[in-house]
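Q: Residue-level listing of the chains:
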Amino acid sequence: MAYQVKLEQFEGPLDLLLHLIRVHEIEITDIPIATITEEYFRVLTAMQELDLEVAGEFLVMAATLIYIKSKMLLPPAPGEEALAEEEDPRRPLVDMLLEYQRFKTAAGDLAGLEERRREVFGRGAAVQVPPGRGPLELSLFDLLAAFQEVLKRAEGRPDVEVTPRPFRVRERMVELLDRLAQERPLRFFALFAPDADRRTVIVTFVALLELLRQGALKVRQAAPFEEILIYPAEDA
Amino acid sequence: MSPDPLAALEALLFASPEPLPRERLAALLPELSPEGLAAALEELRARYASPQSGLMLDEVAGGFRLATRPEVAEVVVRLAIVRPSRLSRPALETLAIIAYRQPITKAEVEAVRGVNIDGVLKTLGERGLIRILGRKRDPGRPMLYGTSAGFLEYFGFRDLSDLPTLAEIEALVASPHPRRTVEYDPVEEPGAGEAARGPGARPAASGPAPLPSAGPPEAGG
Amino acid sequence: MSPDPLAALEALLFASPEPLPRERLAALLPELSPEGLAAALEELRARYASPQSGLMLDEVAGGFRLATRPEVAEVVVRLAIVRPSRLSRPALETLAIIAYRQPITKAEVEAVRGVNIDGVLKTLGERGLIRILGRKRDPGRPMLYGTSAGFLEYFGFRDLSDLPTLAEIEALVASPHPRRTVEYDPVEEPGAGEAARGPGARPAASGPAPLPSAGPPEAGG
Numbered sequence: 001m002a003y004q005v006k007l008e009q010f011e012g013p014l015d016l017l018l019h020l021i022r023v024h025e026i027e028i029t030d031i032p033i034a035t036i037t038e039e040y041f042r043v044l045t046a047m048q049e050l051d052l053e054v055a056g057e058f059l060v061m062a063a064t065l066i067y068i069k070s071k072m073l074l075p076p077a078p079g080e081e082a083l084a085e086e087e088d089p090r091r092p093l094v095d096m097l098l099e100y101q102r103f104k105t106a107a108g109d110l111a112g113l114e115e116r117r118r119e120v121f122g123r124g125a126a127v128q129v130p131p132g133r134g135p136l137e138l139s140l141f142d143l144l145a146a147f148q149e150v151l152k153r154a155e156g157r158p159d160v161e162v163t164p165r166p167f168r169v170r171e172r173m174v175e176l177l178d179r180l181a182q183e184r185p186l187r188f189f190a191l192f193a194p195d196a197d198r199r200t201v202i203v204t205f206v207a208l209l210e211l212l213r214q215g216a217l218k219v220r221q222a223a224p225f226e227e228i229l230i231y232p233a234e235d236a
Numbered sequence: 001m002s003p004d005p006l007a008a009l010e011a012l013l014f015a016s017p018e019p020l021p022r023e024r025l026a027a028l029l030p031e032l033s034p035e036g037l038a039a040a041l042e043e044l045r046a047r048y049a050s051p052q053s054g055l056m057l058d059e060v061a062g063g064f065r066l067a068t069r070p071e072v073a074e075v076v077v078r079l080a081i082v083r084p085s086r087l088s089r090p091a092l093e094t095l096a097i098i099a100y101r102q103p104i105t106k107a108e109v110e111a112v113r114g115v116n117i118d119g120v121l122k123t124l125g126e127r128g129l130i131r132i133l134g135r136k137r138d139p140g141r142p143m144l145y146g147t148s149a150g151f152l153e154y155f156g157f158r159d160l161s162d163l164p165t166l167a168e169i170e171a172l173v174a175s176p177h178p179r180r181t182v183e184y185d186p187v188e189e190p191g192a193g194e195a196a197r198g199p200g201a202r203p204a205a206s207g208p209a210p211l212p213s214a215g216p217p218e219a220g221g
Numbered sequence: 001m002s003p004d005p006l007a008a009l010e011a012l013l014f015a016s017p018e019p020l021p022r023e024r025l026a027a028l029l030p031e032l033s034p035e036g037l038a039a040a041l042e043e044l045r046a047r048y049a050s051p052q053s054g055l056m057l058d059e060v061a062g063g064f065r066l067a068t069r070p071e072v073a074e075v076v077v078r079l080a081i082v083r084p085s086r087l088s089r090p091a092l093e094t095l096a097i098i099a100y101r102q103p104i105t106k107a108e109v110e111a112v113r114g115v116n117i118d119g120v121l122k123t124l125g126e127r128g129l130i131r132i133l134g135r136k137r138d139p140g141r142p143m144l145y146g147t148s149a150g151f152l153e154y155f156g157f158r159d160l161s162d163l164p165t166l167a168e169i170e171a172l173v174a175s176p177h178p179r180r181t182v183e184y185d186p187v188e189e190p191g192a193g194e195a196a197r198g199p200g201a202r203p204a205a206s207g208p209a210p211l212p213s214a215g216p217p218e219a220g221g
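Chains as they are written, first to last, in the working numbering: chain A, 1 to 236; chain B, 1 to 221; chain C, 1 to 221.
Bear in mind the hints are in silico, worked out from the structure with no lab data behind them.
Every residue gets a Cβ at the ideal spot worked out from N, C-alpha and C, and that includes glycine.
Where hints are given, some of them may not hold.
[Said to hold, decoys possible] Pulled from the structure, derived: some chain B residues nowhere near chain C, Cβ distances all over 12 Å:
| id | residue |
| --- | --- |
| 1 | Arg78 |
| 2 | Lys122 |
| 3 | Gly125 |
| 4 | Met143 |
[To be verified] Below are the BS3-like pairs computed for lysine-lysine, each with C-alpha atoms no more than 25 Å apart in a straight line:
| id | chain 1 | residue 1 | chain 2 | residue 2 |
| --- | --- | --- | --- | --- |
| 5 | B | Lys106 | A | Lys218 |
| 6 | A | Lys152 | C | Lys122 |
| 7 | B | Lys106 | A | Lys69 |
| 8 | C | Lys122 | C | Lys136 |
| 9 | B | Lys122 | B | Lys106 |
All chains, full assembly: derive it from the sequences and hints.
A: Written as structure tokens, this is what we have:
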């Protein structure tokens, strides 16, 4: 019952375990696995009784605890006594808990700094400085957000094609146009490196077909079975 | 202990987004009498009146604010030269469309954005972010645009496959609409037989662009 | 007659919308030698250090700017300036892991926290606190995340070496997680990344500050 208030505050199974370790004043490096497993399941049951959704992560940890518990019940094989310390089945879990706890502490430090910085204010008035001419500042996040915005707007206009296409093909299309700018015509078989894998061959071929469909290039063959040559469309 | 009235006054003038009328200042600093406020304003004005000060108390129509002194204007305008410039929203969107849809014509970009992009294309070209890839054999033989080596270099991409995929964008940028379940061929799954689908198998040619849903959560530990 | 250097410096710091790195200040004030600039910054800092001043010289995100002093915060909040909401606990934990372990993938963060972080990652990205550093050379080429200049500014760090450390404890307890060298394809974000990598920052090889080692269990609460 005492858990009820706190239940929703657990940010995951590790957080819950740290809480149990704290309230039961357990040494983190020597966890009584049977006790802690029992406690852990009590909380999960409480969560279900409260109709809180028990996230998959909590169930994975439950399985892990049971696994550790069963491992610890097995007597060590003869001659392995000396290694017992090293092979403590709790070790990986303890490492995870210690690691997570350090970041929890670090998060607390950040929260403190955040609070302090909330006491500091920059200049309030809008900037009167003329637009910058310095180096370009462009964040990938901004670019992604812009593209998402475009996609969102395009949804209302079904005639506009903004559907995603496989990117490798697109990339190869650009490469093909690049090569055509350097050497024209391009020999068809020169498009495929001798060591190209099947996937690369397919991507290249699909890119070629797409460019043909778009009319950005054209192919010629002087006679059947002769070499196929590829030209940019403007050389028509 | 409440802060020094002069310090409080200065901070208010600095942090306020708009000039502060005398009455507003009086309301913000109830510990000051009207005479006290007038005296504090005068004292602040006098403090800034030194040649070593770059600021001044500026009384404009709406009230009081801090501003740079006219004597340092010539230095302040130099800021524009070193300030990083940013792409405008239209430029950003155009660049995004070109990056993800290349090779693409101007008309095709305009069809997506719904506006003329002549000016924006020029900007992006001057910035070295896009380039002309060739011409399309359509009526008028429009030019095809794509991103430049400069674009790749700017973001440190080795090639275009480094661009975040649509699924990755979805995972990073909050979707403005609820995720829908649409039958969809996943975008870029390196190693999978994506090429086999090819352009002909483009999904949803008939409907709005479906956004791929994020994949299953990765190992949760 | 050119204006007093101190006045010019103050005006620049006042007018610039973003913190000005030392090198930019040097470029803006060519009449000052590096020593002269350092002296002017010190003098300005000292001038603001009076209780009668509402401003301070704030060194943050690889640069300098003017800001209000914490002592007058209680008065400034009367302006009802909308401040960004505090970060949630999950966001702070995720940010801490990214800050200390960058470059890091989403799956790696999730392994430490034991939960899925999709939503949190979006929040952090949209608030400009993290950025994409590149892709890991692993199967699936997952994206690698790190902190942005916005992160430094938000928490008041000059650079990543300002991240809090518990060096004395770390000296006693060997960290079970030695610093990793991750092979990856970097993504440059010149504007955003500058502060994080700028000349003032420590060489990239040394990475972010080491994580504080585990304290006693109670410290985790």
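Q: All the hints need checking, so say for each whether the structure fits it.
A: For each hint, the structure was consulted:
1. Arg78: violated (5 Å)
2. Lys122: holds (22 Å)
3. Gly125: holds (19 Å)
4. Met143: holds (28 Å)
5. Lys106(B) with Lys218(A): holds (21 Å)
6. Lys152(A) with Lys122(C): holds (17 Å)
7. Lys106(B) with Lys69(A): violated (65 Å)
8. Lys122(C) with Lys136(C): Holds: Lys122(C) and Lys136(C) sit about 20 Å apart, inside 25 Å.
9. Lys122(B) with Lys106(B): holds (11 Å)
Checked against the numbered hints given earlier, this structure breaks hints 1, 7; the rest are met.
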